[in-house]
Amino acid sequence: MKSGRSGAVSAGRHPLAIFNNPTFRGVFFQLVFVAGLGWIVWDLIQNTAHNLQRANIAAGYGFLERTAGFGIIQTMVSYSEASSYGRAVLVGLLNTLLVAGLGVVLATILGLIVGIARLSSNWLVAQIATAYVEIIRNIPLLLQLFFWYFAVLRSVPGMREKWTLFGVFHLNIGGLHAPRPVFGDGAIWILLAFPIALGIAVFVSHRGKQRFERTGRRPPLGWIYAGLFVLLPIAAFFLAGRPIALDMPQFSETGPLLKRGFKAGSGITVIPEFFGLLLALSIYTAAYIAEVVRGGIEAVNHGQTEAAYSIGLKRGQTLRLVVIPQALRVIIPPLSNQYLNLTKNSSLAVAVAYPDLVSVGGTVLNQTGQAVEMVSIWMLFYLGMSILTSLVMNYWNKRVALVER
Amino acid sequence: MKRFIASAVIGAALTAASVSAALAGTLDDVKAKGFVQCGVNPSLIGFGIADEKGEWSGIDVDFCRAVASAIFGDATKVKFSPLNAKERFTALQSKEVDLLSRNTTWTMSRDSSLGLMFAGVMYYDGQGFMVRKDLGISSALELSGATVCTQTGTTTELNLADYFRSHNMEYKVLAFEKNEEVLKAYEDKRCEAYTTDASGLYAERLKLTSPDDHMILPEIISKEPLGPAVRQGDDPWFTVVKWTLFALINAEELGLTKQNIDEKKTADSPEIKRFVGVEGDFGTGIGLTNDWAYKIVKNVGNYGEIFDANIGPSTKLGIARGLNNLWSKGGIQYAPPIR
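Heads up: the sequence lines are chains A and B, in that order. As numbered in my numbering, residues 1 to 405 make up the first sequence, in order. As numbered in my numbering, residues 1 to 339 make up the second sequence, in order.
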């Protein structure tokens with residue numbers, strides 16, 4: 001403060017005296033920094049372009065339109081060998097999103113359970129949870145990935161045999177084979193039933209809250225939601241004339257050896273590479289999330305629990321209504337980190353032949369030699385995913401943050 | 001990265017200097033640092049593999065030694081960089097290695113858009129399939145509906161797709177990053193067939209628990225000319241690598257071996273005289289000493305010797321010379337003459 005005042009006073013006397021003004025100095029050095037950074041980035045781009053040109057390596061993103069010519073085992077959008085490299089990259093990108101999205105959900109559920117279990121008053125439960133956390137988070141993820149993929153998933157029957165679950169799901173080394181829904185005319189009504197159910201649910205929730213505030217009684221909202229989301233689509237299914245058929249996986253036990261087993265294209269197949277990666281990612285990340293949850297819960301003053309008990313809340317209610325909402329404030333920021341880690345770790349997929357963005361992109365890179373372009377696509381995707389996750393989590397964080405009144 | 005930071009710090013004034021330094025040829029660089037940095041396969045028996053003591057062996061490895069012999073007269077002046085299929089081109093482009101000698105297929109796209117130059121063909125190969133004998137098939141044409149394991153980032157994936165598409169057969173491909181994982185998945189019966197270059201199949205089969213339960217199908221579905229590659233735009237270095245390969249093949253044709261080259265050196269044959277550098281000025285013409293070819297054969301042997309020692313019929317791999325025999329003996333290995 002003192003130097004600022006003297007700077008302002010001396011500003012008129014000496015041409016360089018303006019440098020004694022902290023505001024000016026702050027802005028000046030930030031500008032210098034930005035200019036320097038810009039120059040470095042520009043130099044980097046120029047240098048790369050120059051080197052690529054000198055080494056006769058083609059540059060640009062035009063290669064994305066060329067024919068890929070290789071097969072991919074799991075595709076969520078239509079893809080064939082005749083599709084373009086761009087399409088192949090899209091397939092890999094969606095595969096990454098699938099495994100990361102499901103991984104986040106599974107890891108959160110498992111992490112929450114283990115985290116709460118570590119604080120259980122039951123000695124055995126707490127010890128098992130502790131052992132889980134300590135073992136899982138101290139073994140490198142890649143090893144766990146190989147363990148799940150090569151050791152455990154290999155104990156299932158071979159291609160020509162199967163284990164059948166509930167008569168419709170079949171498991172063998174080729175993956176989990178299930179009936180595939182085939183949508184006919186009118187199937188759109190079933191889809192539309194969900195937003196309608198959501199609309200009604202919002203309305204019911206609003207009225208329920210009002211009634212709770214008026215009478216102090218909680219309407220059984222959970223049951224109402226479940227009913228809405230299950231019954232409405234079922235009703236739509238019958239009203240639209242049952243437009244969904246099931247394509248069952250076909251299994252043949254006779255014929256030449258190679259023809260036995262599940263017929264390609266029948267039913268839906270979830271490949272073991274996907275399961276292996278999903279299992280490894282969720283189980284690994286869950287161990288970290290469990291610690292985040294435990295930390296969050298322990299940060300809530302025990303007085304809160306005692307107070308909740310004293311007004312007659314049950315254990316479950318105490319946890320759900322008093323402890324967890326307060327713990328969330330502590331949990332959310334580190335939880336976001338775990339979500340980001342999981343997404344980025346999914347790039348280990350290539351080790352077990354799951355065609356994620358890095359795996360497919362690696363093939364594209366190798367066939368086209370467009371390393372700079374492909375790496376830039378990877379960077380942009382992971383950066384974009386991370387920023388998106390951060391934004392969503394920050395929004396949630398703001399909503400649960402302590403509001404000072 | 002280092003270059004970028006350096007250029008950012010030193011500034012524009014010195015950029016010109018650093019560019020001209022980078023333009024100095026690989027041959028001069030190699031001579032200055034005293035060894036050849038050679039990119040090789042990390043684990044392919046007979047082509048490039050290191051034993052427990054870190055001792056490298058294989059025909060691709062021996063080619064690196066031949067290049068070192070030509071330049072330094074010493075086969076040990078090589079440092080090996082094990083590179084997997086995905087890393088190899090970037091490593092060469094970014095000058096991490098001087099030379100890529102790693103069962104790499106010479107294709108047009110690699111010559112045109114990757115900035116590479118292939119120095120010739122070290123081994124004429126083709127892609128094949130390995131299956132379990134108990135599958136009861138005898139031809140790749142019976143593989144319809146099969147799941148096929150392979151390594152990602154190679155020409156193999158493309159040939160596979162082409163072959164199955166042109167024969168209207170269904171297939172599923174599982175592409176792993178490393179040989180070891182491909183083999184493990186194949187051995188665990190996750191896939192019915194393993195595809196890669198036939199030489200690779202013979203090598204990988206040896207690693208299986210019971211190699212005799214597996215067979216390599218007769219169909220060869222592609223041409224895979226495997227050879228050493230260098231960066232484009234460096235003619236002196238390209239010439240040295242190219243002529244090292246030619247010298248190996250010419251030596252076999254002239255009947256020069258590791259053992260007999262010293263006595264043959266004094267022979268009257270003008271061809272041999274030119275080869276060992278007694279006559280003519282061929283070595284200095286490519287920036288080496290005139291006895292460059294003599295030193296290759298003296299240290300490493302000729303092409304046939306390298307073939308026999310690493311992958312030939314007397315080795316575990318037991319690969320017949322076939323196409324890789326000299327043109328004069330029914331094969332297609334042929335080198336321009338030294339004259």
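The reader is advised that the hints may include incorrect statements.
Some but not every residue of chain B turned toward chain A, in silico, with C-beta under 8 Å [said to hold, decoys possible]: (1) R165; (2) E170; (3) Y171; (4) G255.
Here are the computed distance ranges between Cβ atoms for each label pair [what the hints assert, rightly or not]: (5) A:S205 x B:E180: 50 to 60 Å; (6) A:R180 x B:D29: 57 to 67 Å; (7) A:P140 x B:F35: 25 to 35 Å; (8) A:R260 x B:H167: 47 to 57 Å; (9) B:S138 x A:G384: 22 to 32 Å.
Read the hints as simulated data drawn from the structure, not as lab findings. Note that beta-carbon positions come from the ideal geometry of N, C-alpha and C, so glycine has one too.
Under the constraints set out in the numbered hints, which ones does this structure not fulfil? Hints 4, 8, 9 are the ones this structure does not satisfy, whereas the remaining hints hold.
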